[in-house]
Amino acid sequence: MNESSREAYNAARIKALESLLIEKGIITSETVDQVIDFFEKDMGPFNGAKIVAKAWVDPEFKQRLLEDTPSAIAQMNLPRGMAGAEGEHMKAIENTPDVHNLIVCTLCSCYPWPVLGLPPYWFKDPTFRARAIREPRKVLKEFGLDIPETTEVRVWDTSAQIRWFVIPERPASTEGWTEEQLAAVVTPEAMQGAAKVQVSTSI
Amino acid sequence: MQIKFEQFVTASMLGNQDAPPRSNGELLFQIDWESRAFGVAIALSKKGHYEWEDFRQELIASIAEWEANHCQDDPNWDYYQRWLLALERLVCELELIDIEELETRTQQLLKPTF
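Heads up: the protein sequence lines correspond to chains A and B, in order. Quick note on our numbering: the first sequence kicks off at 95 and runs consecutively. Quick note on our numbering: the second sequence kicks off at 271 and runs consecutively.
None of these hints come from the bench; they were simulated from the model. This structure is a prediction, so every number in the text was calculated from the model and none was measured. There could be a bad hint or two in this list.
[Claimed, not checked] In silico DSSO-like links for lysine-lysine, alpha-carbon gap of 27 Å or less:
(1) B/K274 with A/K218
(2) A/K109 with B/K316
(3) A/K135 with B/K317
(4) A/K156 with A/K135
(5) A/K185 with B/K316
(6) B/K381 with A/K118
(7) B/K381 with A/K109
(8) A/K290 with A/K148
(9) A/K218 with B/K316
(10) A/K148 with A/K232
(11) B/K274 with A/K144
(12) A/K156 with A/K144
(13) A/K148 with A/K185
(14) A/K235 with A/K290
(15) A/K235 with A/K185
(16) A/K235 with B/K317
(17) A/K290 with A/K156
(18) A/K144 with A/K185
(19) A/K185 with A/K109
(20) A/K156 with B/K317
(21) B/K381 with A/K135
(22) A/K135 with A/K290
(23) A/K156 with B/K381
[To be verified] To spell it out: a stretch of chain B is covered by chain A in this simulated footprint if at least three of its residues, at any positions, have a beta carbon under 8 Å from a beta carbon of chain A; those stretches are:
(24) 318-327
(25) 330-343
[Stated by the list, open to error] Taking CB as the label site, the calculated pair distances span:
(26) A/R228 with B/G285: 18 to 24 Å
(27) B/N294 with A/R248: 20 to 26 Å
(28) B/I330 with A/E246: 41 to 47 Å
(29) B/D324 with A/K135: 27 to 33 Å
(30) A/T221 with B/Q300: 41 to 47 Å
(31) B/I369 with A/R228: 50 to 56 Å
(32) B/L298 with A/A224: 46 to 52 Å
(33) A/R228 with B/E365: 48 to 54 Å
(34) A/R231 with B/I330: 33 to 39 Å
(35) A/T245 with B/L364: 23 to 29 Å
(36) B/S293 with A/Q169: 27 to 33 Å
(37) A/E263 with B/G285: 38 to 44 Å
(38) B/L364 with A/Q169: 45 to 51 Å
The C-beta atom is built at its ideal place from N, Cα and C for all residues, glycine as well.
Could you build the full structure based on these sequences and the hints that come with them?
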C-alpha cells in the first residue's frame with residue numbers, strides 16, 4: 095500500500111469503527127468531540143502563553159498574578175477548567191536579570207496542566223528531577239541556557255500543594271507588540287524556566 | 271482532588287514508550303483520522319467500556335509487534351496506526367463490535383461514490 099492509500103484506509107477504518115460504536119449506542123460523537131476539544135482548545139500551553147503576554151504588557155495584572163495567581167487568571171477569558179483539576183494552587187514567579195527560576199517536581203510529576211499543557215517527556219525523568227535540584231546551572235546549560243554567575247538560580251518544587259509557573263523575561267525588541275504577537279513566542283519550556291523566550295530576528 | 275480523565279490518561283503515558291507525539295507541549299495530530307482515533311479510544315474508556323490500562327497494554331503490545339519486525343528508523347513508522355490497531359483489537363475482543371462488520375463498513379467507506 096502506498097502512503098496515500100494507507101492514509102485513506104486508516105481514515106475509513108476509524109470512521110467505520112466510530113460509526114458502528116455510535117449506531118450501537120456505545121458512545122456518542124459528542125463525547126469524542128469533547129475529548130478532542132479538551133486537548134486542542136481547553137488545555138494547553140497557549141493558555142499560559144496568553145497569561146504571560148498579558149503580564150508583560152500590563153504591570154498591574156502582573157502584580158496581581160504574582161500576589162494571587164488563581165484570582166488573576168480567573169479574570170482572564172480563558173477556557174473553563176483553568177482553576178479546576180491541577181490548575182488550583184497555582185503560583186506564578188517572575189524571572190528577572192537577577193533571578194532565574196526553574197520548576198521541577200522531585201516527588202512525581204505534578205505540573206500545572208491547564209496552563210502549560212502536557213509536560214515535556216524529560217519532566218518525569220528521575221535523573222532530571224534529581225539533578226535539577228542538585229546542579230541546576232549545569233542542567234540548564236545542557237538545555238542551552240547559560241545563566242551568568244551574577245544571576246541567582248532558584249529551583250521550585252512543584253507539588254500537589256503548589257504548582258509553580260514561571261513568567262519568563264520579556265525579550266528585547268518586542269516593544270509595541272500586541273499581546274497576541276507576544277503570546278505566540280512563549281513556549282512551555284520558557285514557562286518552566288528551562289528556556290528563555292526567543293524572538294526570531296528574521297521577521 | 272478532582273482529576274480530569276483526559277489528564278489522567280495522558281499522564282499515565284508520558285515518558286513511556288507509548289507516549290503520543292507532541293509539539294511544543296501540545297498533542298500533535300498530523301491528519302484528521304489520528305485525532306479521531308485518539309478521541310474514540312479515550313471516550314470509550316471514559317464511558318467505562320474498558321479500563322484505560324487495558325488500552326495502554328494493547329497499545330504497548332502493538333508497538334512491540336512493530337518493533338520486532340522493523341528497523342528502529344523505518345520511515346513507515348506511524349504511531350497512530352499502532353494506536354488504531356490496538357483500538358480495533360480491543361473493541362473486537364470485548365465484542366463491542368464484530369471484526370466482520372468492521373471490515374464490511376470499511377470497504378463500503380472506501381468505495382468511490384459516483
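Sort out whether A/K156 lies within 27 Å of A/K290, counting only the CA atoms. holds, 18 Å
Tell me if the straight-line CA distance from A/K235 to A/K185 falls inside 27 Å. holds, 25 Å
Is B/K274 within 27 Å of A/K218, Cα to Cα? holds, 19 Å
Holds or violated: A/K235 to A/K290, with C-alpha atoms at most 27 Å apart: This hinted pair holds, its Cα atoms lying about 12 Å apart.
With the threshold set at 27 Å, check whether the alpha-carbon distance from B/K381 to A/K135 stays at or below it. violated, 34 Å
Pairwise hint evaluation, A/K144 against A/K156, where the allowed Cα distance is 27 Å at most: holds, 12 Å
Tell me if the beta carbons of A/T245 and B/L364 are separated by a distance inside 23 to 29 Å. violated, 56 Å
Starting from the hint 20 to 26 Å, judge whether the C-beta atoms of B/N294 and A/R248 obey it. holds, 25 Å
Taking the Cβ atom of B/D324 and the Cβ atom of A/K135, is their distance within the range 27 to 33 Å? Once the Cβ atoms are compared, 28 Å apart, the range 27 to 33 Å for A/K135 and B/D324 holds.
Is it true that the CA of A/K156 sits at most 27 Å from the CA of B/K381? Outside the cut-off at roughly 57 Å; violated.
Quick check on a hinted range of 33 to 39 Å for A/R231 and B/I330, using CB atoms only. Check passed, 37 Å falls within 33 to 39 Å.
Supplied distance hint 18 to 24 Å, evaluated on CB atoms of A/R228 and B/G285: At 20 Å between Cβs, range holds.
Checked against the numbered hints listed earlier, the structure breaks hints 5, 10, 16, 19, 20, 21, 23, 24, 25, 30, 32, 35 and 37; every other hint is satisfied.
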